Amino acid sequence: MILALETSCDDTCAAVVDGPRILSNVVSSQASFHEQYGGVVPEVASRHHLQLVNAVTDAALSQAGAELSQVDAVAVTQGPGLIGALLVGMSTAKALASAVRKPLIPADHLHGHVAANFLEPDPIDPPFLCLVASGGHTLLAGVSDHSSFETLGQTLDDAAGEAFDKGARLLGLGYPGGPAIQRAAQEGDPAAFGFPVAMSRDPGLDFSFSGLKTALVYRVRELGEERTAASVPDLAASYQRAIVDQLVVKLERALDRGGWGVVALGGGVAANVELRERAGQLCEAREIGLKLVPLELCTDNAAMIAAAAAHTEPIPYPDYLTFDASAQAANLAV
Amino acid sequence: MATLGFDTATAILTVAVADGREVLAEGTRTPGSDGRPRHSPLLLLEVERCVEGAGGWSRIDRLAVGVGPGSYTGLRIGISTARALAQARGLEITGVSTLSALAMGVFSRETTGGSPGSGGQATRAPLPVLDARRGQTFVQVHDPRAEPRGEPLVLGPEELCELAATVAPKPLAAGDGALRFRAELESVGVEVPEDRDPVHSVQARHVCVLGEMADAAPAETIEPLYLREPDAKRWLKRDERTDTG
Ligand SMILES: [Zn+2]
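So the protein lines, in turn, are chains A and B.
Taking the numbering used here, the leading residue of the first sequence gets 1106, the next gets one more, and so forth.
Taking the numbering used here, the leading residue of the second sequence gets -3, the next gets one more, and so forth.
The shape of chain A in the complex, shown without the other chains (with noise of 0.2 Å):
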């Protein structure tokens, strides 16, 4: 049985996870604070995981019906994300596994977001093909085994979410982006306007959002005031084609490359019904598997971490006392 913290965006998160059993997955999400900043402003999600974080710890050990004494480790995102944040993380369960002597196991978030394929209710074993786009990352990743991942293509700029956020913000749709402009595009033509799918021609597995939000920067501009307002369907639809073909591009060339046999689709943009869709029929095409988690475990949670550090080797005590947390990768990234 392993508690799990999570606090490396803003999401405050603490699970006790037995195996592929979830006993409990608490996340308090701050998105309301940070909407009106139209983005996670660092100190402002710093300031709110120390708020959260031990009421969210004492909520998932209370309903998971289990004692601090009881769990076999603390597990914790050590990275990658915003330091701050981190550390909030980090130092709490640093000091909880340190009172009851219990082993600290420091967990890469990416590897999270690939681990919760391993959780019920569906969980399933490598090897699959795992595309992770949130608003703080979009990677694909290689997954051969339990304990690490290949990253076989990751962004060069931007999240996908991100790409999400910012665009909803240039359209006046609120945060965050991606179930803002999901909604908009709903009224919309996806063909009105032709943004670039960037990095379709390079052959590699690596994604580029920067371009496609300065396109429509541009367009917006010469659009003006008025025919903005009255485009934004359209725009949101046109711009959520733009980031959902790179995305599958990306899937399919990393498919044509691999011989994979299953497909998972992770991190708050698989919550997209056209990313869905689409990968659906990709899968469909080539009569391979596709996997989604529910949805509460592609957001980031602290379930994931725990799934990670359920294949990650544990650090005793007293040796992770000097553990520090990494805005990078962890240091047992894979």
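By construction, these hints were calculated from the structure, which means they are not laboratory data.
Small disclaimer: the values here were computed from a predicted structure and weren't measured.
We put the beta carbon where it would ideally sit given N, CA and C, even for glycine.
Okay, the calculated beta carbon distance ranges per label pair:
{"#": "1", "chain 1": "A", "residue 1": "1386", "chain 2": "B", "residue 2": "28", "range": "52 to 60 Å"}
{"#": "2", "chain 1": "A", "residue 1": "1138", "chain 2": "B", "residue 2": "217", "range": "14 to 22 Å"}
{"#": "3", "chain 1": "B", "residue 1": "161", "chain 2": "A", "residue 2": "1334", "range": "52 to 60 Å"}
{"#": "4", "chain 1": "A", "residue 1": "1252", "chain 2": "B", "residue 2": "150", "range": "46 to 54 Å"}
{"#": "5", "chain 1": "B", "residue 1": "165", "chain 2": "A", "residue 2": "1138", "range": "44 to 52 Å"}
Which stretches of chain A does chain B cover? Using the computed rule of at least three CB atoms under 8 Å from a CB of chain B, they are:
{"#": "6", "stretch": "1137 to 1149"}
{"#": "7", "stretch": "1157 to 1167"}
{"#": "8", "stretch": "1189 to 1200"}
{"#": "9", "stretch": "1203 to 1216"}
{"#": "10", "stretch": "1418 to 1428"}
Fit chain B with the ligand to the known structure of chain A by using the hints.
This is chain B with the ligand only, laid out in the frame that chain A set:
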């Protein structure tokens, strides 16, 4: 029973275990060679070392943590560690003003003959001044017995001097902010002990003393004294520049 106290509001990490006025163990860690504080990797290590030196966790019944004002990240490391230890070990916890801990250091220097001619009687008012970055200071007026008078404030050097000039009896300024603005403070007649005087560093033994006097509070109510709003507007401007650039 004993109190475990620590402070991470400044660049110096300080940990102590004390029983009343008796210090059972203490430890200090200065920044690394890169000049950055080492609170995250060293706080728990120092805590375990001090507690062991003082006879083990069974002797500890109270936790006192410096709540600033000071470095936001430093404070969050200290307070989240303290809260989790209190939560997991069922300890009483109190939040202690870092400025008052500094003032307590001045008071004990004054009353133990650390300063010539003081004769065990504190005659000067401690004026703790911490460097708040961005050209500002955190400061709070204290009386000669190190009791706070007024609220902790964020002041620029000019306002700091205006305030210091009104304090009676004559203040003795301590802390990294006092060192940074030594010339300004001395120009209005405030005494600032020499740079190497220990009175400029927060000492956890004073955090313990203040923590023993304060009422315990629920762990989740122990919060940093930020004194400033998050600088979200500045952060957003930077973002907008890249947006349109
Ligand atoms: Zn994430």
